[in-house]
Each structure stands twice: as structure tokens, then as C-alpha cells.
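Asks: Chain residues, written in single-letter form:
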Amino acid sequence: MDQFLQHCLNALVLGGTYALLGIGLTLIFGIMRVVNFTHGELYSFGAYMMFMFVMLLHLDFFLSLVLAMLLGIALGAAIEFLLLRKLRGADIDTTMLVMIGAWIAMQNFEQLVWSGVAKSIKTPFPSSPLVIGALSVSWNRIFVLVVALGLILCTYALVNRTRLGRAMRATFQDSDTAALMGVDIGTIYMSTFALGSGLAAAAGALLGPIFVVTPTMGDLASLKAFAIVILGGLGNIVGATIGGFILAFIEELGAGYISSGYRDAMGFLLIIVILLARPTGLFSRKERIG
Amino acid sequence: MQSSLKTLIAAAGLALVASAASAQDSVKVGVSEPLTGAFAASGNYVAQGAQLAAEAINKSGGVLGKKIELIIEDNKSNPTEAVDTAERLIVKDKVPVLMGAWSSTLTLAVMPKLEEYKVPMLVETSSSGKITTSGNPYIFRISPTSEMEATAFAPIAKTLGIKKANFLVTNNDFGKGSMQEFTKMLKGQGIDIGAQETMEPAATDLSAQLAKIKASGGDTLFVTTDVAQLTLILKQAKDQQIAMRVITTGGSVAPDQLIEQAGDAANGSYHLVFFTPWFPDAVKNPDVAQKFTAAWKEKNYNTGGLTEGFRGWDGIYTIAAAINDAGKPDAEAIREAFWKVKVKGVNGDIAFIKQGPAGKESGQNVPSVYLVKIEGGKVVKQ
Numbered sequence: 001m002d003q004f005l006q007h008c009l010n011a012l013v014l015g016g017t018y019a020l021l022g023i024g025l026t027l028i029f030g031i032m033r034v035v036n037f038t039h040g041e042l043y044s045f046g047a048y049m050m051f052m053f054v055m056l057l058h059l060d061f062f063l064s065l066v067l068a069m070l071l072g073i074a075l076g077a078a079i080e081f082l083l084l085r086k087l088r089g090a091d092i093d094t095t096m097l098v099m100i101g102a103w104i105a106m107q108n109f110e111q112l113v114w115s116g117v118a119k120s121i122k123t124p125f126p127s128s129p130l131v132i133g134a135l136s137v138s139w140n141r142i143f144v145l146v147v148a149l150g151l152i153l154c155t156y157a158l159v160n161r162t163r164l165g166r167a168m169r170a171t172f173q174d175s176d177t178a179a180l181m182g183v184d185i186g187t188i189y190m191s192t193f194a195l196g197s198g199l200a201a202a203a204g205a206l207l208g209p210i211f212v213v214t215p216t217m218g219d220l221a222s223l224k225a226f227a228i229v230i231l232g233g234l235g236n237i238v239g240a241t242i243g244g245f246i247l248a249f250i251e252e253l254g255a256g257y258i259s260s261g262y263r264d265a266m267g268f269l270l271i272i273v274i275l276l277a278r279p280t281g282l283f284s285r286k287e288r289i290g
Numbered sequence: 291m292q293s294s295l296k297t298l299i300a301a302a303g304l305a306l307v308a309s310a311a312s313a314q315d316s317v318k319v320g321v322s323e324p325l326t327g328a329f330a331a332s333g334n335y336v337a338q339g340a341q342l343a344a345e346a347i348n349k350s351g352g353v354l355g356k357k358i359e360l361i362i363e364d365n366k367s368n369p370t371e372a373v374d375t376a377e378r379l380i381v382k383d384k385v386p387v388l389m390g391a392w393s394s395t396l397t398l399a400v401m402p403k404l405e406e407y408k409v410p411m412l413v414e415t416s417s418s419g420k421i422t423t424s425g426n427p428y429i430f431r432i433s434p435t436s437e438m439e440a441t442a443f444a445p446i447a448k449t450l451g452i453k454k455a456n457f458l459v460t461n462n463d464f465g466k467g468s469m470q471e472f473t474k475m476l477k478g479q480g481i482d483i484g485a486q487e488t489m490e491p492a493a494t495d496l497s498a499q500l501a502k503i504k505a506s507g508g509d510t511l512f513v514t515t516d517v518a519q520l521t522l523i524l525k526q527a528k529d530q531q532i533a534m535r536v537i538t539t540g541g542s543v544a545p546d547q548l549i550e551q552a553g554d555a556a557n558g559s560y561h562l563v564f565f566t567p568w569f570p571d572a573v574k575n576p577d578v579a580q581k582f583t584a585a586w587k588e589k590n591y592n593t594g595g596l597t598e599g600f601r602g603w604d605g606i607y608t609i610a611a612a613i614n615d616a617g618k619p620d621a622e623a624i625r626e627a628f629w630k631v632k633v634k635g636v637n638g639d640i641a642f643i644k645q646g647p648a649g650k651e652s653g654q655n656v657p658s659v660y661l662v663k664i665e666g667g668k669v670v671k672q
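As you go down the protein sequences, you meet chains P and S in turn.
At the far end of the first sequence sits residue 290, using the working numbering, and the numbering has no gaps.
At the far end of the second sequence sits residue 672, using the working numbering, and the numbering has no gaps.
No lab work stands behind these hints, which were simulated from the structure alone.
Predicted, not measured: the structure shown is a model, and the values here were computed from it.
For glycine and all other residues, C-beta sits at the position ideal for the given N, C-alpha and C.
Where hints are given, some of them may not hold.
[To be verified] Cβ pair distances, simulated, as ranges:
no.	chain 1	residue 1	chain 2	residue 2	range
1	S	N590	P	F62	31 to 41 Å
2	S	Q580	P	Y257	24 to 34 Å
3	P	Y257	S	K454	13 to 23 Å
4	S	A533	P	M1	13 to 23 Å
5	P	G133	S	Q580	47 to 57 Å
6	S	K589	P	P279	54 to 64 Å
7	P	V35	S	E665	48 to 58 Å
8	S	E406	P	V238	53 to 63 Å
9	S	E406	P	A134	50 to 60 Å
[Claimed, not checked] To spell it out: a stretch of chain P is covered by chain S in this simulated footprint if at least three of its residues, at any positions, have a beta carbon under 8 Å from a beta carbon of chain S; those stretches are:
no.	stretch
10	1 to 7
11	128 to 141
All chains should be built: construct the whole structure from the sequences, respecting the hints.
Replies: As C-alpha cells, this is what we get:
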């Protein structure tokens, strides 16, 4: 029983970060129809910025987190402006190839700047974990879960309760009509990509201190983010959140009770099953965002 | 038109002359290492060690009176790329001998190409038994097999008083090979085996495996993986309050890097290593180790990489000795010569014994294996 509860606790903490990764990608996927292969690189970018601020510039941990996220937003806006803006209207294959190129270029640039040696980041949290009976979890992970849930709620509110969010949703439904109604599509695309990128960078900045930071850390993260988006349905924030937690629970319990070697495979196996039964994802009723 | 044709022919002729000249000036050695991807850190250290060795050899006269020239290719931590690099080095660069490929999986992938083109390869990092027992006569390995590590560890298992052991290893030839050999050795001593967990080499969250290991109980956890994943395991084991003695196998764990990155969580862990730069007098050939360490420090390379970099150094010195013995840069002659080499290496004295099916034996060195422990943020001898 203790083992089961520990697995559930681990999954809960992991699910929060999966959800954060999934939401950023689902927004970009849903609104812009861009298969964003740089998502994982924004994730590792956030982690490396965290490393730079905390370990090299010795800034405050929490301030660094905010700065890393802001830089992620800026980098996302830059990618949109420099690459995607020029490709709007191009077919999906072209965009996809450009994004794959950007992904490889960014990963190699990171390797050049930071070398392949893994980096670790010190945290201000106590090194002894929080112990509840037979269960234990590190304070850092609790902090990550809380911040992740906070960011998810903020994103949800932004999309559903603000003018910008309404414009985003309108663009998702029909970008031509939205443009005719006076929505500046260029701005919407840029803010969507910047927001999605900022969330990925935040996930990296949060998880960097828990794990270690390496140039290839984004690959598995982006693979999982894609899985979560597919699971939850395109552009569906609630779906991506629940999808993130589902994936975490399946991985954790599958590894605990079936086979740990197939941990990553089990999540994807489930996705195949779900897609066979519900091709549009678990939670998408019809094509809309919010 | 005619004059441009003449220029072209002249240029082609010049290029031929130039390539012939460079072929005479140097003896080429192909190196395939993971310079990018999951094993990038280790692969770069080995490549740095190899280059230091080549520089040192060239300073003292080179091989066969020529300079030794390393052609280093990046196998990207990927078996398909490893095969590609080997083929390119053999066919395009015409190297008579290779060194590579870091990790059992990458090495196993390259092996059929060696037989196809009849070019020998010195294996500097790989522990799976399969490499030297599958009957590939072009393999000469200087790193220990998992079985050798397990045998070297057997008396220590008694001293430590291990009663029940768990395993957490990477899901590949390296991890599973090691788990198999250590399980056999421990069972032979009547030690109970608990959970035997595997993980993907790139996995970062290992809490599920650790929760299972915690539930299984026992006093010792054997871990086989690279240093980055080990850092995660030590940190996450501490978070889950797992009070087991952690012992790492495979020799690819750089304890200095571990201390730096895992902090407190690294204390109390044991590591099987093949070079001990912390105790220069404990090694078999202190003068060689001294020379290598000095060259490494002169370049300001990361000291945490010494325990990987020495393999590159030992590998290239062994290859140079074989080329000198062979008397010509010819693949078959070098393969023959490997059987006779005696090299004073950083790890110890290097020479090859025969392993595998008769008539198709591979060469296997019997290296030194050391156990060290991390205590209070320092590496101590065991």
C-alpha cells in the first residue's frame, strides 16, 4: 500500500510538469497549426537560462525563474518573427521542415555554448524531503507542482477571460473571419507562439534544478508533450492538463507494477489505444479552443 | 575551353600528388566516438585523451617515423551513425585501424563492418561480454568486461557484508550485461537478489523504479549507467529516503563530477573505476599516469573527465605500439601485431588474451579495477 501511495504521489508531481509542457504546445498546435519541433528546445533553453542566472550570475532562485520564463517568451516571439511569419500560408510540410531545422540548430548551438557535460542547479529548498508516514517527497517537487498548477490556471484564465484570449479563440475557429472582424492575426500568432514558448521555458526552468541540464533534455520532453496534446485534443487546455496527469499516472504505475524498462513505451501504447477509439483525442467535443 | 580542361587536369594531378604526399607523412587512425547526443560528455573526454596521446607520440618521433594522424568522427551516440562513421573511416579515409565506439551498443553495431572490411578495432569503452565472445577476430578490447568487474568485486561483497542486493540499470547491452554478471556473482555467495529494475538511457524521472526498489528492501543497490543519470538516481533516492548503499559498476562514473552535481546525495556511494587520479601512487604505472594527468591539466581540460579520458590515451598508445610492431600501416599486419603488444598504460599493463570461439578469437585485456567511496564530498580509497 505504501508503495502504491508513493507511486501516486510521484505521478501527481510529474503530471503537473507534463501538463505545463502540453498546454504550451497545444496552444501553438491548435491556433497556428504549426507542428512545433522547437518546443523541447525552449524547454532546455529555460533550464540553461536558470543555470546561467543561478549558478553563474548568482541571482536569486525565484527571480531567475521569472527571468528564464521572460527570456523564453522573447525567444518564442523571435522564432515566430524570423521564421514562421515568413512561412505563413506555406504548406504544413515546409513549416515542419523549417521547424525540424530550427530544432537541430538550437540543440547544436546549446551543445557548442554549454558543452555536453550535464549541469546541475542548486536550490534554496531544504535538502531533506517532506515525510508523511511512509511517503516522502522533496520540497522542490512540491514547489514545482504548485507553480505549474498556478501557470496552468493563469493560461486558462488568459485564454477564456481576456480580450487577447477571445481573439485567440476566434483565430482558432476561423482566422480569415477573425481578420475581417479586425483581429490583428500577426499579433495573435506572435503572442500565441511566445506564450507557448514561455510555458515550455518555465517547465524547463522548474525541472532543471530537479533533474540535470543537458543539451538533449528537450527531446524526450517534446515527444511527451506531443503525446499529451494528441491525448487531450488539439488546442484543448483542459484536455492537455488531464492528459498530462493521465500520462504521468500510467508511466508511474506501469513502471512500478508491470515493467520499468517499458515505462516510456507504455504511455505511447495507451495513446495508440485511445486514438483508435477516439481519433480526435479524449476530450475534444468539436474543434474549439478553451 | 581547352586551357580550362588543362587546368582541371593539372589541378586533379596536383590533388593526387598532395594526397599521396600526406599519406606518406602520416599514419591515419580512425576514431569513432559519441561527440554529441546522450553520451557526448564521455565521448568528448575520450577523444581529448586520444588527441593528447597522439600529440605525445608525435613529439617523441611518431610511428614508423611518421606522424600519427587521428581522424575523429562523431557517432552521435547512435548505433546507425556508429556504423556509418566506421564505414566512412575505412572506405573514404582508408584507415588501417579504428578505435571506438564508446558503449557496448555502439561497439556491437560496428562489429560486422570490421569483419566485412577486415580492419581491426581497439575497443576502449564497452563492458558487454558479447563483444569478445561472439567470434569477431578484429576486436581488441582494453576495458574490462562486466564479468571481470564482478570477479574483482567478489571479495569486496563479503567485506561489505551485503545481504540483499537490488539493481537499477540502463535498458541496453551495457546495463543488462552488468546486471547479469553481478547477479551471478552475488548469488554464488548466497546473497539475496531483490528488485531488478531497468530504465531508458535518456530517462530523467526514476521515482517509479526507486519506489519499487524501496519496497523490495535490502541493503545495497547496484547501479549501472552514465554519470548524468547516476546524479539523478542519487538525488531522487535521497528524496525517497532510500537508505541503501549505492554501488556503481561500469567505470563510467566520474566521481568528481558526481560530487559537484549531486552534492550531499553523493556521500556514501561506492564506485568501481578503472583509473584513480586521486591516488596517483595506487596505480600500477605511476609515471604513465603522471604524464597523462599533466598533459590533461596543461590543456585545462575538466579534471572530472580524467577517469574517461585515460581510455583514449591508453587506446591510442596501444594502437601506436601495434602499428610499430606491424612495421607497416596495413590492417592485417596491425591485427596480427595486437596479439604481441605490451604497453604500459594509465590503467596498468596492457596485453591481449584470447576470448571467444577457437579460430575466431577476439583480444581482451585484463585491466585493473579499483573501488572508491565518496565520503564528506571527497573520494576515498577502499
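Asks: Each of the hints needs a verdict: does it hold here or not?
Replies: Going through the hints against the structure:
1. N590(S) - F62(P): 31 to 41 Å: Holds, since N590(S) and F62(P) (Cβ atoms, about 34 Å apart) stay within the stated range.
2. Q580(S) - Y257(P): 24 to 34 Å: Because 52 Å falls outside the window, the suggested range is violated.
3. Y257(P) - K454(S): 13 to 23 Å: For K454(S) against Y257(P), whose Cβ atoms are near 21 Å apart, the range 13 to 23 Å holds.
4. A533(S) - M1(P): 13 to 23 Å: Once the Cβ atoms are compared, 20 Å apart, the range 13 to 23 Å for M1(P) and A533(S) holds.
5. G133(P) - Q580(S): 47 to 57 Å: holds, 54 Å
6. K589(S) - P279(P): 54 to 64 Å: Because 57 Å falls inside the window, the suggested range holds.
7. V35(P) - E665(S): 48 to 58 Å: Cβ of V35(P) to Cβ of E665(S): about 50 Å, so the range 48 to 58 Å holds.
8. E406(S) - V238(P): 53 to 63 Å: The hint (53 to 63 Å, Cβ to Cβ) holds, given that E406(S) and V238(P) are roughly 56 Å apart.
9. E406(S) - A134(P): 50 to 60 Å: Holds - the Cβ-Cβ distance for E406(S) and A134(P), about 56 Å, lies within 50 to 60 Å.
10. 1 to 7: holds (count 4)
11. 128 to 141: That given contact holds, which follows from 6 residues of the stretch 128 to 141 of chain P lying within Cβ reach (below 8 Å) of chain S.
Consistency with the previously given hints fails for number 2 only.
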